[in-house]
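The listed protein sequences correspond, in order, to chains A and B.
Under the numbering used here, the first residue of the first sequence is numbered 1, with each subsequent residue one higher.
Under the numbering used here, the first residue of the second sequence is numbered 324, with each subsequent residue one higher.
These are computed hints drawn from the structure, not numbers from a lab.
Remember, it's a predicted structure, so these values are computed and weren't measured experimentally.
For glycine and all other residues, C-beta sits at the position ideal for the given N, C-alpha and C.
One or more of the hints may lead you astray.
[As the list claims (entries may be wrong)] Sample of chain B residues facing chain A (criterion: CB under 10 Å; computed from the structure):
1. Gly531
2. Arg536
3. Thr537
4. Phe541
5. Leu543
6. Tyr552
7. Arg555
8. Val556
9. Leu629
[Unchecked claim] Simulated coverage check for chain A against chain B, where a stretch passes if three residues somewhere in it have a Cβ under 8 Å from a Cβ of chain B:
10. 82-93
11. 96-105
12. 115-125
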Amino acid sequence: MTDTLSVERLSVHYDTREGVLRALREVSLAVPAGQIVGVVGESGCGKSTLINALLQLLPENARIADGAIRLNGEDLVGASSRRLRDLRGREISVVFQDPMTSLNPVLSIGRQMRDIQYRDPVSRAEKNRRSAAMLARVGIPDPVAKLDVYAHELSGGMRQRVAIAMAALMKPKVLIADEPTTALDATLEVQIIELLQDLQREIGCSILFISHHLGVIAELCHRVVVMYAGEAVEEGPVEEVFLRPAHPYTARLIECDPGRLKQKVAQLPSIAGSLPDLTNPPTGCIFRARCDHATAACAQKPPRVELDNGHWAACHHAREVQI
Amino acid sequence: MLQYTLQRIALALGIVFVAISILYTVMITLPGDPTTVLLGPRATPELRAAFRANLGLDNPVHVQIAQFWGRIASGDLGTDYNRNRPVAEAVFSALPHTMALVFGAIVWSAVLGIMLGAFSADNRNSWIDRVTAVLSVGFLAAPSFVVALYSLLLFSVTLRWFPTIGAGEPGDILNRLYHLALPSFAIGLAWVGYVARIVRAAMLETLGENYIRTARAFGLPRRTVIYNYALRVAILPAVQVLGVGIGGLLSSAVFAEIVFSRPGIGSLIYDSVSGRNYPVVMGSMLVAIGFFVTCALIADLVNAALDPRHRTRS
Chain A
1 MTDTLSVERL SVHYDTREGV LRALREVSLA VPAGQIVGVV GESGCGKSTL INALLQLLPE
61 NARIADGAIR LNGEDLVGAS SRRLRDLRGR EISVVFQDPM TSLNPVLSIG RQMRDIQYRD
121 PVSRAEKNRR SAAMLARVGI PDPVAKLDVY AHELSGGMRQ RVAIAMAALM KPKVLIADEP
181 TTALDATLEV QIIELLQDLQ REIGCSILFI SHHLGVIAEL CHRVVVMYAG EAVEEGPVEE
241 VFLRPAHPYT ARLIECDPGR LKQKVAQLPS IAGSLPDLTN PPTGCIFRAR CDHATAACAQ
301 KPPRVELDNG HWAACHHARE VQI
Chain B
324 MLQYTLQRIA LALGIVFVAI SILYTVMITL PGDPTTVLLG PRATPELRAA FRANLGLDNP
384 VHVQIAQFWG RIASGDLGTD YNRNRPVAEA VFSALPHTMA LVFGAIVWSA VLGIMLGAFS
444 ADNRNSWIDR VTAVLSVGFL AAPSFVVALY SLLLFSVTLR WFPTIGAGEP GDILNRLYHL
504 ALPSFAIGLA WVGYVARIVR AAMLETLGEN YIRTARAFGL PRRTVIYNYA LRVAILPAVQ
564 VLGVGIGGLL SSAVFAEIVF SRPGIGSLIY DSVSGRNYPV VMGSMLVAIG FFVTCALIAD
624 LVNAALDPRH RTRS
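Full structure from sequences and hints, please.
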C-alpha cells in the first residue's frame, strides 16, 4: 500500500520572546491512498501547526527544523514556492475549521470558485458550470443562483458545504479537513461527515481529518493518529486504537470522552495536570508528569513499540497498558 | 440598500442644518459687521442702525437663522450687497474650481497612497516600506499652506515649471490642468502619507485573516491574493477616511486658493469673512458644507457597494 502523504520525523519550531517553542517534535504519520486518517488531540497539541506545515503556510516566526513531508513521494520541505503553489489546491487541498471566516467576505462564491480554477484554460461559463455542479454535489439547493451569493448570506452549514465544494473542486489527491464540524451543530455534523465520506469515495482522494471529537473520528476514519503536546504518541487502525489503546494518554483521553458517559455526573472526567511548557519540554516521555503508569524508565525517551496490524505507541509500557 | 441610502441622506440633511445654524451664530458674534466695512469708520450711529435694520441684523439670532433658512427654503441664497449680485452667482462660479482642486488632490493622493500602502504591507520591513513610513509621517506633519508656499517658490518662482497664479484659461482643459497641478499637489501631499498608513495597517490585518490563508491554501497566485483578495477589503477604511477627509481638504483649499490666487469657495469665504459680507459667507459655507456632507455620503455608499456585508446590515 502506497502512502499518498507521509510525514517523517517532522519538527517545527516557533521563535518566540520566551525562546524557541518546539511545537512539533519528530512527528511521523502516514496517509495511505484512498484512506481517511484522523488526527486527534486536545487544544495545543500541535494540530494546527501540523496543518500549516503540511500546506507550507506556517507563520513567519515558525520554521521546519527537521523532517520531511512527502506528497506522492515529493518532499514539500524546501520545495520552491512556485512548485508549492502548483500543488496547493490541485494535489493537496483543505477545508478549514471556521466557515464564518475562511470564505472571502467581499467576493461572491462564484468568483472564489472561478479563481480556484484559474489554471484551467476554459471559459468563464464552463468554470461557472463546474462550480455549480460541485455545489449541487455537496447538497446546496439552487446552485447556479448561489454563485452570485456572498458568504455572509449563507447559513453556517451551507458555508461549510461551500468550503468543502471549493476544496474538492480540483479533485485533489489529499484533502485536509481541519475540524470541519466543530462550528456546526450535531445534526449538521453527521451530514458533513457523510458528505466527506461520499466525496472521498467519488474522487478517490485521501483525507487527513483533524478533530478533537473521538466519536467523529471513530465514525469516519480508517486510521487514527493520537497527538499530545507536539508529539504523535500512538497510531493505528481506528478500532485497534480505540478498543485497545496502548498509550496511557490515549486510554485517558477515551475515558474522558463525554460521549461515553451513561449517567449524569457532577464533574466531567479530566486528566489531572496541564500541558508541559514547550519552550522547555521535559526530557524523556512527554506525558510522564500526568501519567499513572510512569516509572523510572520514563525518564528516557520512549521507543516506538510496534503492536499488531500497523498499530504502534510511543510508550515504555505499551504492552502493559494495552491489556 | 435603499433604506440604508435614505437613512444616510436624512442624517446628512440634519448635519447641514445644525452646522449652518451654529456657523451663523459664530459669524454674527465676530467683532465688526457689514456696516463698518460698507459705510466706513465715519458713518453716524443712526445711519448704521438704519442699515442694520434694513439687513435684518437687528433681530435676535434665532430669528435671523429662521429667516435665513426661510430664504434658503424658497431657493434664494441672498444678495451680495458689496457687489450687488446674487450670492448664488458668486458661489456657483467659484464651486467648480474648488471641486476640481479637491478632487484632483483626492485622486492623485488616494491612488498613490493605496499603491504605497499595499506595497509596504506586502514588502514589510523592506527599504521601500521604511522610506514610505518616514515620508508618510513627514508629509502628514507638513501643513498644507507651508507645502503650498514652498512648492510655489520652488516649482513656479525658481524652476519656472508651473504657473504661479490663477486657474487657467477658460475652455482650455490642458491649461486648466496645468494650473491645477501645483495646488492639488500641495493639499494632497499630506493625504498620500495618511492613506498609505491606513491601507498598510488594514492590509496587514487583512493578510492575517483566515480567508487569505484559504486563498493561499488553494494555490492562488500571490498577486491575486494580495491585490484582489486582501486589498479589496483593506481599502474600505481608507475610502471612509477619504470621504470625511474632504472636509480637511476644503480647509486646505482655502490656503491653497489664497496662495495661488485661484478663484474658488476657499478664497470666496476668506474674502467675504474679511469683508463681513454675511450673505456671501453663509451662502458659500452652505455650499461648502453641503459639498462635504455629500462627499461623506458618497463615501458611505461606495463603501456599501464595495462591502456586501454593509448592505444587508444597514
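May I ask which of the numbered hints given earlier this structure violates, with the numbers listed in increasing order?
none
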